[in-house]
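S.K.: Residue numbers (the working numbering), protein chains in the order written: chain A, 302 to 614; chain B, 7 to 251.
Hints are not guaranteed to be accurate.
Here are the simulated EDC-like pairs of lysine to aspartate or glutamate, each with C-alpha atoms no more than 16 Å apart in a straight line [stated by the list, open to error]:
1. B:Lys79 to A:Glu433
2. A:Lys572 to A:Glu433
3. B:Lys79 to A:Asp594
Since the hints were made in silico from the structure, they are not lab data.
Keep in mind the model is a prediction, meaning the values are calculated, not measured.
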Amino acid sequence: MQIYLPIAEISVNIFLLLGLGAGVGFLSGMFGVGGGFLMTPLLMFIGIPPAVAVSTEANQIVASSASGALAHWRRKTLDPKMGLLLLIGGSAGSIFGVQLFSFLRGLGQIDLIISLSYVSFLGIIGGLMLIESVRAIMRRRHPEQRREGGRTGHRKRGWIDALPFKMRFPRSGLYISVIPPIAIGFFVGTLAAIMGVGGGFVMVPAMIYILRMPTSVVVGTSLFQILFVTALTTFLQAAQNQTVDVVLAMLLTVGGVIGAQFGARAGRHVKGEELRALLAFMVLAVCLKLGWDLVITPADMFVVLPHGGEAAH
Amino acid sequence: MLIALLATLLTQQAVPQEAPQIMAALTHETVEIREDFAGTELILYGATRGLTIQDEIVVVLRGPDQDLRVMQKQRSFGIWVNAQAQEFDAVPAYYTIASSRPIEEIASQEALVRNGIGLAQLLDESASQTEMDLSDYFAAVERAGARNALYTAAPHGVEVLDGGLFRATLALPPRTPVGNYTAEVYLFREGRPIASRSTSMRVEKAGIERVVYEFAHGAPILYGLFCVALAMLAGYAAAALFGRR
Chain A
302 MQIYLPIAEI
312 SVNIFLLLGL
322 GAGVGFLSGM
332 FGVGGGFLMT
342 PLLMFIGIPP
352 AVAVSTEANQ
362 IVASSASGAL
372 AHWRRKTLDP
382 KMGLLLLIGG
392 SAGSIFGVQL
402 FSFLRGLGQI
412 DLIISLSYVS
422 FLGIIGGLML
432 IESVRAIMRR
442 RHPEQRREGG
452 RTGHRKRGWI
462 DALPFKMRFP
472 RSGLYISVIP
482 PIAIGFFVGT
492 LAAIMGVGGG
502 FVMVPAMIYI
512 LRMPTSVVVG
522 TSLFQILFVT
532 ALTTFLQAAQ
542 NQTVDVVLAM
552 LLTVGGVIGA
562 QFGARAGRHV
572 KGEELRALLA
582 FMVLAVCLKL
592 GWDLVITPAD
602 MFVVLPHGGE
612 AAH
Chain B
7 MLIALLATLL
17 TQQAVPQEAP
27 QIMAALTHET
37 VEIREDFAGT
47 ELILYGATRG
57 LTIQDEIVVV
67 LRGPDQDLRV
77 MQKQRSFGIW
87 VNAQAQEFDA
97 VPAYYTIASS
107 RPIEEIASQE
117 ALVRNGIGLA
127 QLLDESASQT
137 EMDLSDYFAA
147 VERAGARNAL
157 YTAAPHGVEV
167 LDGGLFRATL
177 ALPPRTPVGN
187 YTAEVYLFRE
197 GRPIASRSTS
207 MRVEKAGIER
217 VVYEFAHGAP
227 ILYGLFCVAL
237 AMLAGYAAAA
247 LFGRR
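Based on the sequences and whatever the hints tell you, model everything.
M.R.: Given below as structure tokens:
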């Protein structure tokens, strides 16, 4: 059954959309990731214009992160003060990202920038995740090597501690400068606007390794920031570029909500390290596909883009 | 409705012999794009006066204009990058030619160009000033349109019926753009158009499509807030439905 999407202005099979939502929802429920980094490229693969794919995916992430953020809020497993700082940076980043998006779209280079951003971020994150999980699996198989000196607290204080404007974060038990959280938030907000992702895959590692937040509050705080930054991005894209397709977003959300339930159940039967290795492979597969498309000789040496009269201008 | 249409066309035909004439009417004055729109077929009925056995009929349906930017891909640092932009103003977003015989058999290229028939001619007029040879760019625009079935040719799309009547079947693909369309019908004799007539129609969004589209473009700020609120509500509802374990 075909459905005509009012903003994307194309006709797509409704079951394909529900299926995509459910499939990506399953994976995100299983791995505990947002899934934006998978959904946005998939939407573009099925022919949704990139601008609509990115903006609409931000809208879907609002829905998928809302329930999680709420749960963490109730359980008090998030650091509201840190979240607020990340959010301040994130809002500025989102505003900047939406402007940058419009500008690049005007130049006819937005597809390239989206692809390049995906290839570089997915490559780095996927690679790091794979190395880390393979090491963890090896360690489990050879328990005698388990006494690693890793993150045990007595690490020497780095450049982060030399920055000014320090603040106390009681929930995280930290006393650090406000500059890194704001900078991380800004960076992730920009990514959210350009790539149509929540940015959890960048923010969670950054919170653990750069800010050294306790893992117990990392996921909740990251969801809190993602919820509000994607909400702002959705609003800005809708108000400025008219590229949010609410029908598409709702179909993906319905599929996603159902898929996530089954994914979360399935995830409990798989071991953590294997799960992360699997996710790493998936991230790298998307990265390779997008990278491959950039380097192979295109089927058509010309691209025809709408110009001028478009909503973006 | 069709019978009434044909009847009027036929009565007009009963008028005594004059110069050759052509008349046409579309089965739809508006085509509505609803949520289940996946392309449709449009029939154009017409009548001619003084049609002889050597005469041919050509129907051109032209959609709303859009501005295009065509870029050629170039390899730099190993990746393909869009470069060398060429702009085209007011290119029809939809263009189809249906004819009673393949168009190249009906008239010469020059005759078609002279009468403004054919996409290449339109592209040539709409290209922004340049010294470059743009034939590759024209071909690229035609390919892109053909991929979405927006630029088509139906070499036997016009059926000549008895009594000087004819019928053209025009396909509107799933990606049919919204806007005003004009259909030009030509009566060709010995490679020259000896009569022509134009008629018009509109493609517009209807139902939910229209409501959402007008909301998004008419009140973008409110629409943005609506999208965010709906998503939050959906997330909250999902949590309430599944979450309490």
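S.K.: Look at each hint and say if it fits the structure.
M.R.: Going through the hints against the structure:
1. In summary, the hint linking lysine 79 (chain B) to glutamate 433 (chain A) is not supported, as the alpha carbons are separated by about 38 Å, beyond the 16 Å threshold.
2. Between lysine 572 (chain A) and glutamate 433 (chain A) the alpha-carbon distance is near 14 Å, which keeps this suggested pair within the 16 Å criterion.
3. Taking the CA atoms of lysine 79 (chain B) and aspartate 594 (chain A), the gap is near 13 Å; set against the 16 Å cutoff, the hint holds.
The earlier numbered hint that this structure contradicts is number 1, and it is the only one.
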